[in-house]
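If you read the sequences in order, they're chains A and B. Its first residue numbered 0, the first sequence is counted upward by one per residue in numbering that gives the first Met the number 0. Its first residue numbered 0, the second sequence is counted upward by one per residue in numbering that gives the first Met the number 0.
Think of the hints as simulated: they come from the structure by calculation, not from any bench. Treat the hints with care, since some could be wrong.
[Said to hold, decoys possible] Some chain B residues near chain A, calculated using beta-carbon distances under 8 Å:
#1 K430
#2 N440
#3 Q623
#4 M658
Bear in mind the structure is a predicted one, so any value in this text is a computation, not a measurement. Backbone N, C-alpha and C fix where the C-beta goes; we use that ideal spot for every residue, glycine too.
As a plain string of letters, each chain reads:
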Amino acid sequence: MAPKSNSSKASPKSSAPNGTPAKKTTVQSTPKKPPYPSYDYTSTGVRDTNILNLSSNDWQIVGAITIIALFVRLFRIYQPSSVVFDEVHFGGFASKYIKGKFFMDVHPPLAKMLITLAGWLAGFDGDFDFKDIGKDYMEPGVPYVAMRLLPAICGVLAVPTMFLTLKASGCKTFTSAMGAGLVVFENGLVTQSRLILLDSPLVIFTALTALSWVSFTNQHELGPKAAFRPAWWFWLAATGVGLGATASVKWVGLFTIAWVGSLTALQLWVLLGDTRNVTARIWFKHLFARIFCLIVIPIMFYMAMFAIHFLCLVNPGDGDGFMSSEFQSTLNSKGMADVPADVAFGSRISLRHHNTQGGYLHSHTHMYPTGSKQQQITLYPHKDENNVWLVENQTQPLDLTVDPTGNTSVPGPMAWDTITPENVLDGSLIRLYHITSDRRLHSHDVRPPVTEAEWQNEVSAYGYQGFEGDANDLFRIEIVKSMSDGKVAKERLRTIQTKFKLVHVMTGCVLFSHKVKLPDWGFEQQEVTCARGGTLPNSVWYVESNQHPQLQEDAEKVNYRDPGFFGKFWELQKVMWTTNAGLVESHAWDSRPPSWPVLRRGINFWGKDNRQIYLIGNPLIWWSSTAAIGLYLVFKALAVLRWQRNCDDYSYDTFKRFDYEVGQTVLGWAFHYFPFFLMQRQLFLHHYFPALFFAIMALCQTWDFVTNRVGSFGGFVPGVKDKPAVGMVGGTVFLAASIVVFGLYAPLAYGNMWTKNECKRVKLLETWDWDCNTFHDNYAQYSLLTPSAGSGAAAQTSPAAQGGPAPPVADDPKADVHVTPQHQQPYISDDAAHAGISGMEDGFVEEKVEYRDEEGNLLDEEQVRALEEEGGISFSTKYETRTRLVDQYGNEVFEEEEEESRAGDAGVAGTSIKGVDPETADARGEADASAVPPNAAVGEDVRKERSLEANAEGTAEPESEVGKETGRDEL
Amino acid sequence: MAAQDVSATGTDLQGDARKRNVGQPNGSYVPKEAGDKMDEKTKQKTNSFLATLDDYEFLIAPLIFTALAFFTRMWKIGLSPIVTWDEAHFGKFGSHYLKREFYFDVHPPLGKMLVGLSGYLAGYNGSFEFKSGETYPEELNYTYMRLFNSAFGALCIPLAYFTAKELHFKRPTVWLVTCMVLFENSYTTISRFILLDSMLLFFTVSTVFCWSKFHNWRHDPFSPEWGLWLVMTGFSIGCVCSVKWVGFFVTALVGLYTIEDLWNKFGDLKMPKVELAAHVGFRAFGFIVIPLIVYTASFWVHFMILENSGPGDAQMSSLFQANLRGTEVGKDSPLEIALGSRATLKNMGYGGGLLHSHVQTYPEGSQQQQITCYHHKDANNDWFFYPNRHQPEFDAEAPLQFIGNGDTIRLIHAQTGRNLHSHQVAAPVSKADHEVSCYGNTTVGDTKDHWQVEVVSDAASNDYSKVRTLTTAFRLKHVDLNCYLRAGNVNLPQWGFKQIETTCVKENKPRDPYTHWNVESHWNERLPASDPGSYKSPFFRDFVHLNVAMMTSNNALVPDPDKQDDLASKPWQWPLLHVGLRMCGWDDHIVKYFLLGNPAVYWGTTFSLVFFVGMLAWYAIRWQRGYDELTWGQVDHFHYSGIYPVMGWALHYLPFVAMARVTYVHHYYPALYFAILCSGFILDWYTRSLHKGVQWGIFSVFYAVVIGLFWLFRAICFGMEGSNQQWKHLKWFDTWRIAD
C-alpha cells in the first residue's frame, strides 16, 4: 500500500521514458492535466500467510521455544521474597480491589484486575499493604508468587506471539524462531515480567494487537477476493479487541491505536483509488467494517473494564479525594441522607468548596503563626462538627412580642431559632458563626500565611462568645447562575443546587481556596484565602449539610444527583488525565526518551542482602534492534531521494515489499517511541518496551529479507537467498551470542548471587549505575549469611509513598475506625507567643486528649478502650498544639507589627529578581563587617549528617504515587 | 505579448508574462488578468475616462488605500494622554535606549530600538518612567512617538494590495483583501500606540510580499530582479525576527517553500547539477545568511547603545557587567584569588545567578542549610576560600597562597561560617543529583567539604595556575563524590524563595556552562586592587548568552493558575472573536480603547479556513477517485495562492496552542493576515469565471459589510470618551466587555 501511494505520487514521472513500471498505476488524459490513479488494489508479491493455517512443524517449534521461555521467565520467581519497585503500587491496588476500597491510579484497570484475580484465586485476603520496597512477603503469607505468575505468563506468551507475528508478516520459520529466541533472552523483558508490574501485560496485548493487525493486513493485501472472508473478519475483529485490551492496561495503548489508525487511513485511501474493483458501496462497506471493529469494539471493551472496576470498588478509600462529591456519594457509606433544600437565617450549614476536593470550610482552635495570628480557617476533607457554621443575618432579628416598639433586637447567634425561617436570597448579607469556637468568619488586609500574593487576603475566625462582630465579618452571597441547578436555586440559597460566591463586603475580595497546603501548624489542610480576581471555579462554594430548628419534617429535601456510569466513567478519565500530566517531579531513576534506544541507563528495582535487581536490557539485542531501525531509516531516505530522481526502484517487488513490511513495523516503533518526547511527566526505561518489541520485529524482518529474499544488493553484491545455510548459521551465532550476553547480566534480572569482579567486568558504560559494591567478593560469602527478614526494610525505603490528601482510613479493616487523639492546650500568654516555636516546645503541656473516629465523632474513654481490646486500631495525632492568643487584646497590635515587617521586606523586593529572601534583608548591613567567617554552632548539623550516613543514597524507589501529587502545591 | 511593454517596477504582471515563454508543463499557469486587461483596453475605447481610471488602477487604487490607511491609523492619535497598555513596557525600553542603560527583555531589540529612535526624534530625554495609566508629561511628545509607530501599521495596506496582486487574485478580490486589512478594527487599534505589534505586522506582511514577488520571478532565475527579491525577502525575514520571535513562524513558511522548491528542482533530471547547486547556494545566502546578519547586527547595535549599567545587568556574564559604565562589578578587585580571599561566585550558565546561602534549612533531605543561586546582590553571596582539611589551619599572617587549577579548597559562607558541602542525598527537585548544603564550621566538618578547582578557560590568559577575578571559568568538583557543582534553570519551591536550585551533578560534562563558575567580586586586603574588567567580553559570547537567557525567561512567563486574568485569552478564543481586551482603565474620564476585531473579517476568515480544508479534501478525493478535472495551472494556483497562506496561518496559530506561556489576543494578528489571504483566495476561486456584473455585485456586498462594521465599531479604535454606557449597543456578547 505504501509503495502504491508512493507510485501514485510519482505519477508525473512514471510516464517518463526511462522508467519501465511493472504495473502502470496512473493514467493521464492530457498533458495539461495531472495524471490520476487507476489500479487494482491487490498487492503484488504477497502470499496468504494466515497463521491459522500454520504447519504442524511450525507449531512444534513454537511449543519448544515457549517451554524454554517458561523456564527462563519462571526460574526462581519466588526470589526475592520481598516487595520490589512498583509492586508497591500494583500489589497495593490488588489489596484495595479485594477490599473494594476506591483508589485512583493513572492507569486503566485491566492489568491490575488480572493481577488481583491471580492473587484472589491464590487466597490473598488483601491484608498486606505493599507499603515499601523490601517489605517481606513470607511472614504475612502473601501469595506473591501467584501474583507474579500473571505478568510472567504474559511475558512467556509474548514469545510465541513474536514467532507468529513474524510468520504472518511472511518471514521464514527460522527467522521467526530467531525472533522468538531474542524475546526469550532479552534481560529487560525478563526482569519486567517476573514482578507484579503492568508492563508485561502491556507488551503482550500490544504484541497480540500487532499479530492481529499484521494478519489482517496480509488478508487485505490479497485483494478483493480475500475481502470480507471469515479470516479477514476474524483478524480485523481481533485487532479491535487487542486495541481495547492494550488501552485498558495503560494509555500507551493509544499509540497502538494511532499506529493501526494511520495504516487504516492509508488502506482506505488506496481502496478509494481502485475504481476497477471498489464501488462506492463496497468502499463504504470497508469503511464501516473498520469503524465497527477498530473504534466501536475497543471503546466497548475499554468501558466494560471500567464497569467491572466500579463494580469492584464500592467502598470509600484513599482515592475519594480526587473525585467530585457526586462521585463520592455513590460509594458505600459516603452517600448521605437527604438534606433540607432551603437555607434560612439561623441554619446550621457546612460549606463545601466546588473546584477542589479540599473539603469543607473548617476552623479549629489553633491560631495562624503569622499574619493576624487569629484563629485558622482551612478546608478539611472530612465531616466534623468544626465544619458547622450558623448563618446570621446582617442585623439581629426584632422580637415584637417582647417589645412592640421594635427597639430591642434579640441578641446572640441563636436568635433565629425561635422565629419563622427566612430564606437567604441572592445578594443577602450574611455572617457565618462558627459554633464550636464562638467566632465568626472574618477577613482583613493581611497577607495569607502561605500564598503571599498581594491580591489575596487572609481569612480568619475572629471574636468571642457574646461579641457582636464587626464590619469585616460581613459577606454577600452572589449566586453563580450559570452553575446553579434549577430556577429557584438561581434566586435563593438552596442546599447543593446553588453554587455561590461569598464576597467580603468591606474589601470586595471573594472567599477562595486552591490546592495549596498549609504547613504542619495547619495540619496540612488546604489554605483558604480571600482573593480579588481569583479564578471563578476556585471561588465557588455550596452548602452540603443544612439544619434549622424551625424547619418542618416535611420540608423539601435534596441530595446529590447520581452521575450514573457514564458520568463516573468520564469524570474518572478526566481526573486520570490531569493527574498523569501532573506527575512531573523528577525521580532518582527516571530517564528521558533519547537515552532509551542506546540503553544509557536502567532502573534500580530492589537491593537487599547483597543482591540487586536492576532493570537493564540485553545490550546486544537492544543495540542491534536500534541499528535495524537506523538501517531502515537510511534505506528510506535513500529510497525517497532516488524516487525523486526518477530511479525505478519501486518496480522491484522485493524492494517494494521491504519498504512496506519493515516500514509498517518501524512506524509502529515510531508511534510507541516519539510521543514520549512530548511528555513532561517522569519517564522510565520500561516505557520503551512496546517500542522495543517492534524494534526486534524490524530486526528480524530485515534479517529475513537480507538472507532469504534479496537477489542482489544493487547489482554489486550477490544475495544469499539460494544458500539458506548462510542465514541459518549467522542467525544461530547471533542468537547464541545473545544468550551468552543474557547470562552475563542475568544476576541483575533474577536477583541472584554475584561478585564484585564479575559485576564490574560487564559494566560497559559509566552510566549503567547499578552499584557493584553491593555484591560480595566471592560466592562463598553468600552461603555464610542468612538472608535478613523484613526488618531490614526500613533502611531501603523512601518516604515517597506517604502523604497526600488521603483520608485517614484505618489500616486494619476489622476496626474500620480511625482514632484521633486531639491534644488541647490552655491559653498561653502573649509573651510566650512572641517567644516563638522553640519556647513553645519546652512549655508544652498536654492537658487533655480527645479521641475521634474518622468521621470526627467524639469517642469516650470506654469506647476507645473497647476498640483497643478489639485490636487493630491505629492512633494518629491530628492536631498538635500551638499557641492561642487571647482575642480581647484585639488585632491592632499585630497588624502594626505586620506592617513594619512588610515594609522591611518591600525594600528588598523592589530590587530583587527572584523571590525575596527574608534572611537577606537582615544581613545586608553587615556586608563588609567580617574578614574571617564566624564560627557557627554545629551540633545540630553533625547530628543530621550522621543520620544521613546511615541511609545511603541510590536505593530503589517506586514511581511517584498519584496521591502524593495532589498534596503538592500548584506545580 | 505583454512582455515587451511592461516595466520592472514590480507592480505589474511581468512575472506572469514571462512565465508564458517557459515550456515546462509544471507551473505554466497564467492567470487571465493579463489577457483580460488587453481585451478591456480594446473594448472600452468609447468611455475614455473610465478607461483611463482602469488603466491606472494599479496606481490609483493603492494611493487611495494608503491615504485611507494613514487616516485611520493616525486620526486623533494623541487623544489619550495616558500611558496605555504595553506602552508601559515598550516606552520604558525606549527610554533605556535614550539613557543608554542596559536592560533585559524577552524580545529582540530592533522594534524597541525603533521606539527609542522615535523618542529621540521627538526630542524626548528618557526621563519618564512610563508607569501604566500615568499621564504623559508636557515635554514628552508622545503623539510623535505614536505617529512613528502607526506609520508601520499604515504601510501594511499597500503591501497587502500588491501581495494580493502577486497572488494573481482578480481586481475585486485584491480590493477586498486590502479592505479587510484596512478596515480591520484590531489592526487599526494596535497600530495607534507605542507597541511592537505594528512593526511586527509590517515586517510579516513585507516578508510575504517579497516572497510572492520572488516566487513570481521563479521562471527567470538569477536575473537581477530575482536576486533583488531574494535579498529583500531575506532582509525582511531578518527584520521580522529582530522585532519579535514570532517572526520565526513566517521564516518557517519561507523555509518550507524553499525546501519544496529545491526538492522539485532536485527531481528535475534536466537541470544541470551546477545550476542546482547555484540554486541551493543563492537561497542559503538569501534566506539564512542575510537574516542572520540582520539579526546579529540588531544585537550589535543594541550592545553599542546600551553602554551604561542598568536594571538588566544581572542576566549577563560578570565580564560583560564589568564592561558597563557605572557598574560595581570588577571595580578595585584584586586580580588573583588567594586562600583567605572573600569572593562572590557567578554561575556562567545563561541567566545564572550568584552562589548563595542563608540560614533557612532544607525541609527534606539532609535538612541542613540551603544553598541556592540568586541574582540579587547581598552579603549572603560572599564566600571565603579556605585551605582543605588536610592542610594546616588557615593563617592570616602566613605568606599568600594563590589558588589554581587542581587545587582542593573549602568554601566557607561568610555570613554563617558553614562550609559548602555535598553528600549522598537526592537534591530536593532534581532527584537524580546530589544535594548541596552548608555544613559545619571552620573547624568541624569532613572531607565532603572539599572542592577541587578545575579551570575550564581563562579569557585573559593561558596560564591556569591562578584563578583570576572575572576572566577564569572553572568548575568545582566534589572530591569525595566525583560530582560537579551545578545551578541549572530549576527553581526551588516557596520554601527556597523560588531561587535557583543548586546541586552536585554526577555526570562529567565539561562543556555544560551551568557547571562553570567565575569570581565576580573579590576582596582581599593583602592584595593590591586592580582592574580585572579591562578585558572585553567577546560579542558573540554575549549575543548567545543573551539569546538563551531570553528564551529561558520567555518560557517562564507562565500565568498564575489561580489568578483570573481578564487580559489574557486562550488561542481557541481568537479566531472566534470570543473576547476583546481593555487597553486601559474603564473610568468615565479616561479615553478608552478596546482591542476587538472587525466581526466580519474574523468570522469570515475563520469560516474560510474551515471551508478551505473542505475544498482540499473535495479535490483530493475526487482526484483519487479518477475525476479528471483540474488543470496543472489550476493546481498551481491552488497550491501557491491557497495552500501557502493557509500554511502561514497554521504556522502562526498552532504554536500558540502548544505554548504554555500566557497569551493575548494580539498574538493572533499575524495569523489573521494569512486567514484574510485565504478568504480572498476562496472568493476569487469561485468568482473568477462569473460575469463581471455579477462579480462586482457579490463583492460590493462584502465591501459594504466590512466597511459598515468597521464604521459601527469605529469608537473602540479612535477612543471612547465619557461614560462607557454610550457603547452598550456594541456589547454583542457578555465577553465583549466594551460596556460594564
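- Query: Tell me, which hint numbers fail for this structure?
  - Reply: 4
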